[in-house]
Amino acid sequence: MHGFRNDGDEPAAVLILFTPGIARETFFAEMAEIGRSGRKPSKEEMAAIYARHDQVMVDI
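According to this note's numbering, the sequence shown is numbered sequentially starting from 842.
One thing to keep in mind: the hints can contain errors.
Stated by the list, open to error - Lysine to any residue pairs mimicking SDA-like chemistry, simulated, CA-CA at most 25 Å apart:
1. Lys881 <-> Tyr891
2. Lys881 <-> Phe868
3. Lys881 <-> Thr860
4. Lys881 <-> Pro861
What the hints assert, rightly or not - Derived CB-CB ranges, DEER-like:
5. Lys881 <-> Arg846: 33 to 43 Å
6. Asp850 <-> Glu886: 18 to 28 Å
7. Lys881 <-> His843: 29 to 39 Å
8. Ile890 <-> Leu856: 15 to 25 Å
9. Leu856 <-> Gly876: 11 to 21 Å
10. Gly849 <-> Ala888: 12 to 22 Å
Simulated from the structure, these hints should not be mistaken for lab results.
In this text, all values refer to a predicted model and were calculated from it rather than measured experimentally.
Built from N, CA and C at the ideal position, the CB exists for glycine as well.
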């Protein structure tokens with residue numbers, strides 16, 4: 842489990858590297874759109890999003 846937060850007053854940037862290097866931009870763009878909309882996707886919808894972007898959902 843991880844998360845990111847900017848405690849400062851200035852904008853921040855995060856550089857994320859993935860290995861193997863497959864594209865993740867569309868995954869983050871889709872997740873950002875969900876966050877901006879305030880929509881709460883169902884567990885099934887989230888599983889479909891993860892599968893579409895070769896991600897694995899882990900229950901903790």
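We went through each hint and held it up to the structure:
1. Lys881 <-> Tyr891: Judged against 25 Å, a Cα distance of about 15 Å means the pair holds.
2. Lys881 <-> Phe868: holds, 16 Å
3. Lys881 <-> Thr860: Violated, at about 29 Å.
4. Lys881 <-> Pro861: violated, 30 Å
5. Lys881 <-> Arg846: 33 to 43 Å: violated, 21 Å
6. Asp850 <-> Glu886: 18 to 28 Å: violated, 36 Å
7. Lys881 <-> His843: 29 to 39 Å: violated, 21 Å
8. Ile890 <-> Leu856: 15 to 25 Å: holds, 23 Å
9. Leu856 <-> Gly876: 11 to 21 Å: holds, 20 Å
10. Gly849 <-> Ala888: 12 to 22 Å: violated, 35 Å
Violation of the numbered hints given earlier is confined to hints 3, 4, 5, 6, 7 and 10; the remaining hints are satisfied by the structure.
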